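A.B. asks: As a plain string of letters, each chain reads:
Protein chains: 2
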Amino acid sequence: MGMEHTLKQGGFTLPGEAGYEELTLQMARKWGADVIRDSDGTQLSDEIIHAGYDIYSTICLIRSDNAWAKQNMDKLQQNFLMSEPVYAKGDTVTIEPLKGYFTQQFAVNWKDEPKEFWQVFDRTAGTEVPAGNWDYDEQAGTVTVRGCIPYHKYTVNFLAIRLWEEISMYNHITNDWGDKEHLMAVEPRHPETQAQILKWLEQWCKDHPMTNVVRFTSMFYNFTWIWTDHEKRRDDFTDWGSYDFTVNPIALREFEKAKGYKMTSEDFINRDLHNATHNAPSRKYRDWMDFVNQFVVEFGKKCVDIVHRYGKKAYVFYDDSWVGVEPYGERFKEFGFDGLIKCVFNGFEARLCAGVKDVQVHELRLHPYLFPTGLGGAPTFMEGGNPTLDAKRYWGNVRRAILRAPIDRIGLGGYLSLTQKFPDFQDYIAQVADEFRLLKSFHQGGKPYCLPVKAAVLTSWGKLRSWSCSGHYHEHPELDLINLIEALSGLPIDVEFVSLDEVREKGVPAGVDVLLNAGRLNTAWSGGEAWKDAKLLEEINRFVANGGGFIGVNEPAAQDFSTQFIQVADVLGVDIDLGTRICHGRYQYEVEKSHYITADTVAADSILGKDGVYLLNDQVQVLLEKEGAPALTANQFGRGRGVYMAGFRYSLESARLLMRAICWAAGKEDAADTFVCDNLYTECAYYPDTKNLVIINNAEEPQDCAVKTPSGDVVKAQLPAFEIKIVSLA
Amino acid sequence: MGMEHTLKQGGFTLPGEAGYEELTLQMARKWGADVIRDSDGTQLSDEIIHAGYDIYSTICLIRSDNAWAKQNMDKLQQNFLMSEPVYAKGDTVTIEPLKGYFTQQFAVNWKDEPKEFWQVFDRTAGTEVPAGNWDYDEQAGTVTVRGCIPYHKYTVNFLAIRLWEEISMYNHITNDWGDKEHLMAVEPRHPETQAQILKWLEQWCKDHPMTNVVRFTSMFYNFTWIWTDHEKRRDDFTDWGSYDFTVNPIALREFEKAKGYKMTSEDFINRDLHNATHNAPSRKYRDWMDFVNQFVVEFGKKCVDIVHRYGKKAYVFYDDSWVGVEPYGERFKEFGFDGLIKCVFNGFEARLCAGVKDVQVHELRLHPYLFPTGLGGAPTFMEGGNPTLDAKRYWGNVRRAILRAPIDRIGLGGYLSLTQKFPDFQDYIAQVADEFRLLKSFHQGGKPYCLPVKAAVLTSWGKLRSWSCSGHYHEHPELDLINLIEALSGLPIDVEFVSLDEVREKGVPAGVDVLLNAGRLNTAWSGGEAWKDAKLLEEINRFVANGGGFIGVNEPAAQDFSTQFIQVADVLGVDIDLGTRICHGRYQYEVEKSHYITADTVAADSILGKDGVYLLNDQVQVLLEKEGAPALTANQFGRGRGVYMAGFRYSLESARLLMRAICWAAGKEDAADTFVCDNLYTECAYYPDTKNLVIINNAEEPQDCAVKTPSGDVVKAQLPAFEIKIVSLA
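Chains D and A are the protein sequences, given in the same order. Taking UniProt numbering, I'd label the letters of the first sequence as residues 1 to 730. Taking UniProt numbering, I'd label the letters of the second sequence as residues 1 to 730.
With the rest of the complex left out, here is chain D (with noise of 0.2 Å):
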């Protein structure tokens, strides 16, 4: 890009606006931006595009051109639905298939053979009900069942043409748009959908020659969205990673072709359940979503090589419509992307921004965006608005994980004229700017010192997941392992992710010293049925009975096999009854005052309690005790060790005892004598390359800490509320 970089200026992405120029170009200075972007509903004036910055502009290719998609009904996106479940009555039931879902996002596909497609089940046996003893009336628009047994209920699992993009229509009900077109995705597995894409984006490049990077938003796919008729449940279903929206005949018949099998209906409705990210999920749906990654980088290389050709960089949002995309997947380096944008509230997302590989920049949207509401609503840039502690807060979330990741660059999204009123904040962006590049040209000197141990999350999905639970923090605040993974995004210490199938196939990965596993019975996160192979239970005891380390939280490797209900029980000397053993009898205990784990603080907050906790032998250690059972302990087996924690919630506290739990777990319990801050309100980062100490207050009240150098020096430090303050130990 065409400007110099210093640490005053660079590295910085602001949303320009038409009609204020002038502010636009202010800005643009005050923050050290590089580039002017425009956003989702703006667009950039004459003035701003030749103000002599790099030009970055957005487009979305499945709902970029709706006279053609009017034009090709035939051809929108489409996704299973399971309908409403009828009682029959008598032998015959009748079903509205579309009953209930929103009819502006949905309608039925009645031409794509139903009878090669769609199901009908009776959902109280929970057994499908034969293609003979099911028609279909497309112009009553209901699946007639017959044989039906009385007081039995059915479904229909069908295709549904989407007839609104999911974005359009969000925004289009939120802000009231009233008549504005409805825009629709279309299904880019049509050869003249690909055909009309490519031209469409070609013609584009041509018609901004201005733009430098262009960004996708994102590829072909949107996350899950299914919306209801119902006023109080507008949502059926909602997930960030879920590939509902890539099924379609095209799809379902050449998956058959290569795959050497059929993916039925029920493979997506699952019981109603959907393939959430969050729950295990089936080797039939990893072959789907290989297959559906396959196709999406192979045009999507198509489309940037385009860019590409025009001169232009072309990067990716890693947000919106983003499935296929699989940024962590082995095929994401064939797209030849230039960036990856990921707007963040928290420290993971930067991690996961940061953890990307082959993309050469880096790029963090940061929060507050620019618009009057935030999250569920609340006042930002109006009256009652404090967005300046809001971009505190977030940017106290994301710094620390940017201490131990490098990032490329930030920026901001949304109205920028909403900053008028707020001059204070248009001064502390300016600071967060600056700390940000400071940090930068720290990792550009090398990465910075970690503890000498490492943890990998053990997950079903493994590195696919890095550094997700699928959407953000705010969303499900009760996973464990969205908490888990937050406090990780800071610590000093080396995290991977890694799946159950590949520590059954190859056992724990070289150099992990401690296993993190967190999560719900049937959940992703925990693991589900996997936990009934043998195999793998195999390489986790080996692992530990020879000096590793397990953290369990919550119900980790849980499944009702066999004599446990935690398969990794005796691991972590602890196992849960969920009501079926009322009448055994459990090992008293007393609470360890004094623990290594518990040195700092037992978090008592943030570690939650769950009924039916039970001890497996009395040499467990309890560090901390809630509802009357175990919350908190500590466990050896063999010559390892286990932790099992009840439930676990992010704090400035808690991620202060998970770094001390994996130092114990992995039997290293001088991991943290150095380059740790003895306040557990600031946290610090040594870079050994350039001999710099960062270290940041995380609090919103002024701290003192120390920090012990290898060397055995200490070094003292004052920091304001939020404050970071650079020591060279040069």
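It is worth saying that the hints were derived from the structure and are not from the lab. Just so you know, these numbers come straight off a predicted model, no measurement behind them. Glycine residues also receive a C-beta, built at the ideal position from the N, C-alpha and C atoms. Among the hints, a few may not be true.
Claimed, not checked - Below, computed lysine-lysine pairings styled on BS3-like, alpha-carbon distance capped at 25 Å: (1) 532/D to 532/A; (2) 506/D to 89/A; (3) 8/D to 440/D; (4) 610/D to 626/A; (5) 333/D to 463/D; (6) 447/A to 463/A; (7) 232/D to 593/A; (8) 532/A to 232/D; (9) 89/A to 535/D; (10) 89/A to 532/D; (11) 89/D to 708/A; (12) 506/A to 89/D; (13) 610/A to 626/D; (14) 232/A to 626/D; (15) 593/D to 232/A; (16) 447/D to 89/D; (17) 232/D to 89/A; (18) 725/D to 30/D; (19) 447/A to 708/A; (20) 454/A to 357/A; (21) 357/A to 610/D; (22) 454/A to 610/D; (23) 626/A to 626/D; (24) 301/D to 259/D; (25) 535/A to 89/D.
Stated by the list, open to error - Among chain A residues calculated to face chain D with C-beta under 10 Å, some are: (26) 7; (27) 10; (28) 230; (29) 234; (30) 235; (31) 267; (32) 271; (33) 276; (34) 279; (35) 470; (36) 521; (37) 542; (38) 617.
Got chain D; can you put chain A on it based on the hints?
C.D. replies: Just chain A, lined up with the frame of chain D:
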């Protein structure tokens, strides 16, 4: 019996105490006793025996002749145990079967063909190790398993001989009896044991000519009580109703002959769950119970016949060692018992006793027992104790049940001399005895009026476990069903108990208005895997759709099967997310301020919340919210109704709420218009034949109340704490 019964005398069994002859006779007069009994560890003196009262003596056949037991150690009772798991390090594992168990209670039975009866399991893989891969060594006291997989864990199921009868063991250890002889339980399956028992009993009858009533305590098999040698976990497994101690080689071989298939050790060990009464029983286990019951009745009848031959009556105690007796079983009448005695803390236990058919006398042993300490070691008849208040509370629990169902006798147990320092207790018992005799006289005139609704408690056990969840209330107050039946025990509602099998096979019994199902997943109270049977659901859905009611509590009808967790979710209008539906939207709702069910009280302290409960449609009425989820809901299903409670704890408030919920679910909102107190701390019963209205104050404070009669009259009453008032409507 000899003495004349008046309202001031009769129906009362007093524990006599040698050395306190004067006190014994004084209290016998004061309390209107007609019978004097001995107690465990007490003997009656000749003076008492010849005082003109009926005499009642306790015997326990299986531990009555310890000298014989010592000479016949090969005929002691046995049971299966599972060894502690041992992890394989190489391909061989050596296991000490008995390690960790209480060796004063158990010895390994090495003699009876271990290869026939024992099993070895790989509990990591959940598979049995072939018998050819293990050997036992009596000398070494070990089992060696070959062909092991390292890092798998192995256990041995083995036959253990019981060296110490558990009641003897418990009393011995609790009371520090030192050298006192350990009593042993002999196994009556051996013909020699049977001969010895019959001989002993015959001799005993001859030796006790003054005894009018022989109380069997109880028959042959104690409830399961497995102890460990771990100081911090004395109890391994304790259940009042499970059949572990009925196992031995003779029985196992005879079972195979009788039923045509073999019970394995694992059928009893059951993944270390044993066959707790609380858990849904397998078909095989039910067969075993039937097989044992047949034997206990057959041999028990021979014992009863001897007692009858000597002109005495035979009563059976419905607490210790009643396994195999099954007072609610089809064969119970064949014993020929004259009476049944139940010790009671609570109302449901009074109903448990009252509900047994085919005995003439139903007798309650009231608490507190005349011991220095009571529940959990709290002081009773000693300094710091308040036995009168204890007695009022227990009588308060029990009396409301006695209003509903006739009891023939009451009595006390323990050391009468302990009452000397508590004259107010002596006075209060006189009052209780009078109240009891009055209520008994009312029942003699006919059944009390019930509201025109009939409820059926639906469990795996049905009638066989009527009015019981295996054990006392205070042992498992966390069980929803024990709380529900305690509430039901005093409500003016007809109650029956029905099994899932019966409903599946024959439908909901005629006359039943409302089904209740309450408990956690896989328990016998919720029902377990039976809910995967669509035939059962057909019957229940039909019943409700045609106007029936269904009240589900906690995890009713639960099974992770098909599209629902609560298999009757549509009936209730709610289901439960265990963590795999976090991406699904939930219906928003407002709590109904006014509803028939909550018209008297919402019982907010007694209805618990449960995480994950969600509504299935927007017509469900939420009557109480807890922990952010619906805790009490009301739903229409066809012409019937479903009520869901996330958890139920007994209180006077929740008993009232339950009564109204039953009326509402039955669609009979006017059922509670008459003969129901307007003040929920009071209850009443109307005896139509004698036109007596009995009003009781269940509270520890004075209460006013009013009762509407069918004629429209209103009876008003003021009652001091715990008082009873009789109003004649003649």
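A.B. asks: Now, for every hint given, state plainly whether the structure supports it.
C.D. replies: Hints versus structure:
no. : hint           : verdict
1   : 532/D to 532/A : holds, 22 Å
2   : 506/D to 89/A  : holds, 20 Å
3   : 8/D to 440/D   : holds, 12 Å
4   : 610/D to 626/A : holds, 17 Å
5   : 333/D to 463/D : holds, 15 Å
6   : 447/A to 463/A : holds, 21 Å
7   : 232/D to 593/A : holds, 19 Å
8   : 532/A to 232/D : violated, 31 Å
9   : 89/A to 535/D  : holds, 15 Å
10  : 89/A to 532/D  : holds, 21 Å
11  : 89/D to 708/A  : violated, 42 Å
12  : 506/A to 89/D  : holds, 20 Å
13  : 610/A to 626/D : holds, 17 Å
14  : 232/A to 626/D : holds, 19 Å
15  : 593/D to 232/A : holds, 19 Å
16  : 447/D to 89/D  : violated, 69 Å
17  : 232/D to 89/A  : violated, 58 Å
18  : 725/D to 30/D  : holds, 22 Å
19  : 447/A to 708/A : holds, 19 Å
20  : 454/A to 357/A : holds, 20 Å
21  : 357/A to 610/D : violated, 43 Å
22  : 454/A to 610/D : violated, 38 Å
23  : 626/A to 626/D : holds, 20 Å
24  : 301/D to 259/D : holds, 23 Å
25  : 535/A to 89/D  : holds, 15 Å
26  : 7              : violated, 43 Å
27  : 10             : violated, 40 Å
28  : 230            : holds, 6 Å
29  : 234            : holds, 6 Å
30  : 235            : holds, 3 Å
31  : 267            : violated, 15 Å
32  : 271            : holds, 5 Å
33  : 276            : holds, 4 Å
34  : 279            : holds, 5 Å
35  : 470            : holds, 8 Å
36  : 521            : holds, 6 Å
37  : 542            : holds, 5 Å
38  : 617            : holds, 8 Å
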